[in-house]
Amino acid sequence: MKTGIAAIGLLAGSVLFLGTAQAGAVDSFSGLSGEIRISGGTAHIPVMKEAAKQIMTANPDISISIAGGGSGVGIKQVGEGIVDIGNSGRAATDAEVEKYGLKLFKWAIDGVGAAVNPGNPVTSLTKAQLKDIYSGKITNWKDLGGKDAPITVYTRDESSGTRAVFWKKALDKGDIVSSANFVVSNGAMKTAIANDPNAIGYVSVGHMDASVAGVALDGVFPTIDTVKSGEYKVARGLYSNTQGDPSGLTQLFIAYLLSPEGQRIVVQKGFVPVN
Amino acid sequence: MTRVTQQTARIVFFLSAAVSAMAAALVFGFLLVFGFPLIGGGEFFSLLARPWSPGQGLYGFLPMITGTAAISFLSIVFALPLSLGTVCFMGGLGPARISRLVDGFVRFMTGIPTVIYGFLGIFLLVPVVRTLFTSAGSGMCILSASLMLSLLVSPTMILFFKDGFDSVDVRYIQAADALGADSVQRLIYVILPEAWPGIVTGIIMGLGRAMGDTLIALMIAGNAVHVPGSILDSARTLTSHIALVSASDYDSLAFKSIFACGLTLYVLNAFAVIAVRKLGGKRGQAR
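Just so you know, the sequences run in chain order A and B.
The opening residue of the first sequence carries number 19 in the numbering used here; numbering runs sequentially from there.
The opening residue of the second sequence carries number 164 in the numbering used here; numbering runs sequentially from there.
These aren't lab readings, by the way, just hints derived from the structure by calculation.
Incorrect hints may have been included.
Unchecked claim - Derived DSS-like pairs (lysine-lysine); straight-line CA-CA distance at most 27 Å:
| id | chain 1 | residue 1 | chain 2 | residue 2 |
| --- | --- | --- | --- | --- |
| 1 | A | 94 | B | 325 |
| 2 | A | 246 | A | 145 |
| 3 | B | 419 | A | 186 |
| 4 | A | 94 | A | 149 |
| 5 | A | 165 | A | 145 |
| 6 | B | 419 | A | 191 |
| 7 | A | 208 | A | 145 |
| 8 | A | 191 | A | 208 |
| 9 | A | 145 | A | 121 |
Unchecked claim - Computed footprint of chain B on chain A; a stretch qualifies when at least three of its residues, placed anywhere within it, have a C-beta under 8 Å from a C-beta of chain B:
| id | region |
| --- | --- |
| 10 | 194–205 |
| 11 | 214–223 |
| 12 | 243–252 |
Just so you know, even glycine gets a beta-carbon here, dropped at the ideal spot from N, CA and C.
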């Protein structure tokens, strides 16, 4: 289901991208052959797949395999030499860097904002209110200045990186009420919120559009600009980690992610570029 | 020549059957091996009764078992009158030409992918349920899921019911006709009692189908991890639970518990199939 939706998104994305693709950074791979193995953070996968597709289409002798597993798995596997690049949606800890001799490359910033139905008059919350909504202490929109209607809380599953950053930085690792509805992707979250006038959920900032209304948290609206300026705090870097200094294809791949072409993929997939 | 063809066919069919049986057994073995750390530790049974809260180290799936039971039973409750009515219509109450049309439509319905029902549910049924019952919250609840699911299981049930109807000895029907029975009397006193084993088989197959379906529940039941208190509560089924958790870290206890979850589902469905076999056997003896 999840991969199905991802695949459809990828297909649509790549069709769009092919139209604008120009010869550029993929040229640095020309004439080379070999394999790059990537695993870890699932938030990274759309960008990874698009980058891999661009590189492999231009250079059929290069094969790039991409697996998920989560940030912890990415760091562990790259540290043990199972993969060439381990992705993580958080900076590796000092202990991990020391143990495995990791090098971190941050190539995007991802913000996560609370969102409600566009018809909802409540568009600004304090952090305390947001935590009370998610822990089930506030259950009616009228307590927040809205209409008299029960709040439906939406959340993501435990493997979601979007959930991880929202839970840590917006909810301060607070409880999420067990009656919360679960949805399986950023896309499904948007659909749910757009269709439910009483919904509250959270989506990656890059995914926000007119179908949902971003909620200002302590006065700051979640937008690409506020994430970029650092004003909106519920954000994190997307990292690719290598064991020691990268070399060969791995080094070229990371250079590609940081090149204008790679950063264009980052923007296209809804993240904030670093360059 | 025909002997050789016969022999070859026999071997090919036997091999196919053996491979299918092996695959089913291997899947069971696979689940057992991966779930074993939990079963061996005696934790398996406590998992059945505990809530799911990975943050607190709780990996039970009681909410999912209750969710699965509620959604699948309720969908049968909705589907039964619908299916039985359709079959009675096709089995003599309705005009023959329309009956054939209905039959074709039912067969067509068996081929509709469940994701279509899921989407229809999200965009058509869920908003209706939400506006009709204000306490339903999002409208993503057991009621919505089982209504949609009843559409999925009805064609299966109808086909099995029809099979039961068709297996009624034509002489009984002729005898009823000779006694001057009208179509309703024929249905109530002859066909329904005779077709009863087929009806029970249909119900159990429908129940198995409802328990095993993933997408409809995943898309419109809301997937909340609490034990549902009413049919207007959001709930998570065993199948959607497996779909939701599968992407996580495979070293974790959460991941291992998914195998226990799969094992539970496998056993539940096996029970449904065994029940069908038992009833089928009885039906055979009665002939």
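Against the structure, the hints:
For the hint pairing residue 94 of chain A with residue 325 of chain B, the CA-to-CA distance comes to about 57 Å; that exceeds 27 Å, so the pair is violated. Between residue 246 of chain A and residue 145 of chain A the CA atoms are separated by roughly 20 Å; this keeps the pair inside 27 Å, and the hint holds. Pair hint residue 419 of chain B plus residue 186 of chain A holds up; C-alpha atoms about 25 Å apart against a cutoff of 27 Å. A C-alpha spacing of about 32 Å is found between residue 94 of chain A and residue 149 of chain A, which places the hinted pair above 27 Å, so the restraint is violated.
Note on residue 165 of chain A and residue 145 of chain A: the hinted pairing holds, with a Cα-Cα distance of about 20 Å set against a maximum of 27 Å. Restraint check for residue 419 of chain B and residue 191 of chain A: the C-alpha separation of about 24 Å stays at or below 27 Å, so the hint holds. In summary, the hint linking residue 208 of chain A to residue 145 of chain A is supported, as the alpha carbons are separated by about 21 Å, within the 27 Å threshold. Restraint check for residue 191 of chain A and residue 208 of chain A: satisfied, since their Cα atoms lie roughly 23 Å apart, inside the 27 Å limit.
Of the supplied pair hints, the one linking residue 145 of chain A and residue 121 of chain A is violated, its CA atoms being roughly 34 Å apart against a limit of 27 Å. Counting residues of the region 194–205 of chain A whose C-beta sits closer than 8 Å to any C-beta of chain B gives 7, which meets the bar of three, so the coverage hint holds. Restraint check on the region 214–223 of chain A versus chain B: 3 residues with Cβ-Cβ distances below 8 Å, three needed, restraint holds. Proximity of the region 243–252 of chain A to chain B, defined as three or more residues with a beta carbon under 8 Å from a beta carbon of that chain, is not established by the 0 residues found.
Of the numbered hints listed earlier, those contradicted by the structure are 1, 4, 9, 12.
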